[in-house]
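Chemist: Here is what each chain is made of, one letter per residue.
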Amino acid sequence: MIKFSDKQLAIPKLMRPVYLVTAGQSKFDRAFPDKRTEELCIDALTQAAEMINVTPAELKSYIHTCYYGHFADHFGDQLLGEAVIHDRLGLDPLGNCGVKTGGATGGTTLWEGVKAVASGYSNCVLSMGWERMDEVPTDEGNFLISCAADKDWESPLGHIYTGYYAVMAQKYWKVFGKEEDSFRRTLAEIAVKHHGYARMNPYAQSPMKITIEDVLNSPVVAYPLRALDCCLMSVGAACAIICDEATAIKLTKNSPHKPLRIWVTAGSHTLRPADRRDMAIPLLPNETADQYKDLGKKFPGGERYPGFTGFLAARMAAYYAYNQVGIKDPTADLDVIELHDAFTISDVQTYEDIGIRPYGYGRDYVESGDCYHMNPKTGKPGKLPSNLSGGLIGCMHSVGATGIMQVFEIACHIWNRWAEIHGDDKLWKKFDRKKPADWTDLQVKGAKRALAISHAGVGSHVTATILMDPDKLIKKDA
Amino acid sequence: MSMFGQVHVKNGQYKIKGDFHELTPNMPIRNSDDGWKLMGVTNPRDMTYIHSYGGESIFFESLSKGKLMATRCDNKKCESKGSIYQPFRIFCPDCLSKMTVIDMTDIAKKTAKIHTFMVCERSGAFNILKRPIKFINIEFDGVCTILMSYLAVGEPEIGMRVVPIFQKLDPTYTILDMAWVPEKTKSNHLPKGFSF
Chain A
537 MIKFSDKQLA
547 IPKLMRPVYL
557 VTAGQSKFDR
567 AFPDKRTEEL
577 CIDALTQAAE
587 MINVTPAELK
597 SYIHTCYYGH
607 FADHFGDQLL
617 GEAVIHDRLG
627 LDPLGNCGVK
637 TGGATGGTTL
647 WEGVKAVASG
657 YSNCVLSMGW
667 ERMDEVPTDE
677 GNFLISCAAD
687 KDWESPLGHI
697 YTGYYAVMAQ
707 KYWKVFGKEE
717 DSFRRTLAEI
727 AVKHHGYARM
737 NPYAQSPMKI
747 TIEDVLNSPV
757 VAYPLRALDC
767 CLMSVGAACA
777 IICDEATAIK
787 LTKNSPHKPL
797 RIWVTAGSHT
807 LRPADRRDMA
817 IPLLPNETAD
827 QYKDLGKKFP
837 GGERYPGFTG
847 FLAARMAAYY
857 AYNQVGIKDP
867 TADLDVIELH
877 DAFTISDVQT
887 YEDIGIRPYG
897 YGRDYVESGD
907 CYHMNPKTGK
917 PGKLPSNLSG
927 GLIGCMHSVG
937 ATGIMQVFEI
947 ACHIWNRWAE
957 IHGDDKLWKK
967 FDRKKPADWT
977 DLQVKGAKRA
987 LAISHAGVGS
997 HVTATILMDP
1007 DKLIKKDA
Chain B
2 MSMFGQVHVK
12 NGQYKIKGDF
22 HELTPNMPIR
32 NSDDGWKLMG
42 VTNPRDMTYI
52 HSYGGESIFF
62 ESLSKGKLMA
72 TRCDNKKCES
82 KGSIYQPFRI
92 FCPDCLSKMT
102 VIDMTDIAKK
112 TAKIHTFMVC
122 ERSGAFNILK
132 RPIKFINIEF
142 DGVCTILMSY
152 LAVGEPEIGM
162 RVVPIFQKLD
172 PTYTILDMAW
182 VPEKTKSNHL
192 PKGFSF
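Listed in order, the protein sequences are those of chains A and B.
According to my numbering, the first sequence holds residues 537 to 1014 in order.
According to my numbering, the second sequence holds residues 2 to 197 in order.
If you're looking for bench data, these hints aren't it; they were derived computationally from the structure.
Computed from a prediction, not measured in an experiment: that's the story for all the values here.
Among the clues, some could well be false.
DSS-like cross-link-like pairs, simulated, lysine-lysine; straight-line CA separation at most 27 Å [as the list claims (entries may be wrong)]: (1) B/K169 <-> A/K687; (2) B/K111 <-> B/K66; (3) B/K78 <-> A/K539; (4) B/K110 <-> B/K193; (5) A/K714 <-> B/K68; (6) A/K687 <-> B/K18; (7) A/K549 <-> A/K864; (8) B/K11 <-> A/K543; (9) B/K111 <-> B/K187; (10) A/K794 <-> A/K549; (11) B/K77 <-> A/K543; (12) B/K16 <-> B/K66; (13) B/K131 <-> B/K110; (14) B/K68 <-> A/K687; (15) A/K596 <-> A/K571; (16) A/K687 <-> B/K131; (17) A/K834 <-> B/K114; (18) B/K99 <-> A/K543; (19) B/K11 <-> B/K99; (20) B/K114 <-> A/K829; (21) B/K114 <-> A/K687; (22) B/K82 <-> A/K539; (23) A/K539 <-> B/K77.
Here are the in silico distance ranges between beta carbons for each label pair [said to hold, decoys possible]: (24) B/N27 <-> A/L1009: 51 to 57 Å; (25) B/L24 <-> A/A567: 25 to 31 Å; (26) A/D717 <-> B/W37: 51 to 57 Å; (27) B/D20 <-> A/K745: 51 to 57 Å; (28) A/R566 <-> B/T173: 33 to 39 Å; (29) A/K745 <-> B/G143: 50 to 56 Å; (30) A/L1009 <-> B/W37: 54 to 60 Å; (31) B/G56 <-> A/D830: 37 to 43 Å; (32) B/S188 <-> A/R813: 34 to 40 Å; (33) B/G13 <-> A/R813: 33 to 39 Å.
Computed footprint of chain A on chain B; a stretch qualifies when at least three of its residues, placed anywhere within it, have a C-beta under 8 Å from a C-beta of chain A [claimed, not checked]: (34) 30 to 42; (35) 113 to 124; (36) 170 to 181.
Glycine included, each C-beta is placed from N, C-alpha and C at the ideal position.
All chains should be modelled from the sequences, with the hints used to inform the complete structure.
Modeler: Here it is as structure tokens:
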């Protein structure tokens, strides 16, 4: 079994507090025939400025370093697209750097920004992400995404990334789902929930009022995954401004919201699932050493770790993050989360990887109603609402922007500005989208702490971003 | 007359012959909702890449000869000494020493089982496998990792015993030269070009 050294498992420590000051994002859609990528990026940066009542020029005057998350050069057919955007944003001659970690690119772009501020290199960083996925038809798009798998060993096998998740879905369904139809329905319920929450989000690409049967009757992509189990292919941009304390205070002088403390951690695992020797399950603060002793007895086939039933990278990102900020129990200590629901199955797997439920019991997070804004079982607020944006299934997956969109969303909750932003009639009109008659305020009341998980297929990279109201820290010296 | 791009190596250098790209004109994209105004252009591109298999070449060459090669760490100082890797890795992921290439065709024939699978109705562009594609991940006795491939005959089930088949006739020299069939499948049921 692989064992990790103390040095590898050391808990990260920032050299000074780091703050998320503001964030912004563009509309998300399958295609923007009328916009260049820079127009979307400028939409995002302009919104970030408006959120704190400064002009874009004023905000730019604070920025010292830029990180740009743009996963796929071949999608946008533009090598070094970062240089194009940096130029069009008028941020030369500042230093900038492109970031790419597959689906986790957005989260990693924030990770780099936080480290630059924490180290003292910069007092204000722009972390901006985007993806241009409309320059090719969908099947060519699937081919390009599959190029992120190992090109000699996996990509030629169908050139479709959904397949690489479907084998995980099959294994999970057999081992932890015990081949129960009820588990398949629980997966479908996630798609219903996320498309449903997308209806309340003017930025979202795929608002839908659907049923579990609609999901189960949607076309098979890679059995057992069906079309409505899968994330979107999107175009759009999102950005965040990350600062030290003094700059954060200055920049929010006339802002309706205060800056939030931010931490980002990261983990990784093999590009090909189960491609290392096995190991003991790394434990989170709410787990015990003997908790998983009989996992293989309870769930035959579930003894191998890491295998096809979870994502080691997510477990490691959560391990570093929770220990860094003092989270003992994510369900109790956090108020709202955004997870990387690339597929309904990977959403469930992540519940376990990040300790919302123990391995084998992820489905309970959905079945208990805890994951909802309003628990349908109890009629009371969900214990830990997830993906109120609609997530990757309902809102967007514009890869380089996705992890940053998630952070924009959870920040809106802590800032108590979710309804102001998402309910704005002018925004719905600007985006040429119809606000539903039953539009519902999804603000999580009193939210003070939140988490976003950004993930690359099939768990090769994962980041965990934690935001906290600076007056509600768990660990004062985090 | 055009000719597919061809490459061989001489004196450690690539020698290329034929066409490595095709020129296709770009076309305007116009808005039919707004007076057919110009919105953009198409950018066609057809290119051939030159890709080295490096230290994995023996694996792909062996498939065309009906052999499944793996690697084993034989570094006495490595904590995982003796571990066998399939997929083939050139270097041990623990100690980074170059591993020993071994022939594991017999191990595969005697112990391969489906660890998990999926049936893929759709594919990305450039797929050449017949749909639905039955992807399988295969576990072997004594091998510490799991291999992804596809089932060419029958319906997959977790735990099913399978055996490898190889495209020895007109091989592609890619991972597609290897497929799997349920144990006891008869030779006359194998896809064209494949044999045990």
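Chemist: A separate judgement is required for each hint: does it hold in the structure or not?
Modeler: Now the hints, each set against the structure:
1. B/K169 <-> A/K687: holds, 22 Å
2. B/K111 <-> B/K66: Distance ~19 Å between B/K111 and B/K66 Cα, so the pair holds.
3. B/K78 <-> A/K539: holds, 16 Å
4. B/K110 <-> B/K193: holds, 20 Å
5. A/K714 <-> B/K68: Violated, at roughly 36 Å.
6. A/K687 <-> B/K18: Holds: A/K687 and B/K18 sit about 24 Å apart, inside 27 Å.
7. A/K549 <-> A/K864: Distance ~17 Å between A/K549 and A/K864 Cα, so the pair holds.
8. B/K11 <-> A/K543: Violated: B/K11 and A/K543 sit about 47 Å apart, past 27 Å.
9. B/K111 <-> B/K187: This hinted pair holds, its Cα atoms lying about 16 Å apart.
10. A/K794 <-> A/K549: Given pair A/K794, A/K549 holds - Cα atoms ~23 Å apart, limit 27 Å.
11. B/K77 <-> A/K543: OK: B/K77 and A/K543 at ~24 Å, within 27 Å.
12. B/K16 <-> B/K66: holds, 26 Å
13. B/K131 <-> B/K110: Between B/K131 and B/K110 the Cα gap is close to 24 Å, so the pair holds against 27 Å.
14. B/K68 <-> A/K687: holds, 21 Å
15. A/K596 <-> A/K571: holds, 22 Å
16. A/K687 <-> B/K131: holds, 19 Å
17. A/K834 <-> B/K114: Distance ~22 Å between A/K834 and B/K114 Cα, so the pair holds.
18. B/K99 <-> A/K543: holds, 26 Å
19. B/K11 <-> B/K99: Holds. B/K11 to B/K99 sits at ~26 Å (cutoff 27 Å).
20. B/K114 <-> A/K829: holds, 25 Å
21. B/K114 <-> A/K687: holds, 24 Å
22. B/K82 <-> A/K539: At roughly 15 Å apart (the allowed maximum being 27 Å), A/K539 and B/K82 satisfy the hint.
23. A/K539 <-> B/K77: holds, 18 Å
24. B/N27 <-> A/L1009: 51 to 57 Å: Since the Cβ atoms of B/N27 and A/L1009 sit about 56 Å apart, the hinted range of 51 to 57 Å holds.
25. B/L24 <-> A/A567: 25 to 31 Å: This hint holds: roughly 27 Å between Cβ atoms.
26. A/D717 <-> B/W37: 51 to 57 Å: At 52 Å between Cβs, range holds.
27. B/D20 <-> A/K745: 51 to 57 Å: holds, 52 Å
28. A/R566 <-> B/T173: 33 to 39 Å: For A/R566 and B/T173 the Cβ distance comes to about 34 Å; the hint holds.
29. A/K745 <-> B/G143: 50 to 56 Å: Since A/K745 and B/G143 have Cβ atoms about 53 Å apart, the given range 50 to 56 Å holds.
30. A/L1009 <-> B/W37: 54 to 60 Å: holds, 59 Å
31. B/G56 <-> A/D830: 37 to 43 Å: holds, 41 Å
32. B/S188 <-> A/R813: 34 to 40 Å: Holds: the Cβ-Cβ distance is about 36 Å, inside 34 to 40 Å.
33. B/G13 <-> A/R813: 33 to 39 Å: Since the Cβ atoms of B/G13 and A/R813 sit about 36 Å apart, the hinted range of 33 to 39 Å holds.
34. 30 to 42: holds (count 4)
35. 113 to 124: holds (count 9)
36. 170 to 181: Coverage by chain A holds here, the residue count being 3 at a Cβ distance below 8 Å.
The structure fails hints 5, 8 (numbered hints given earlier, in ascending order).
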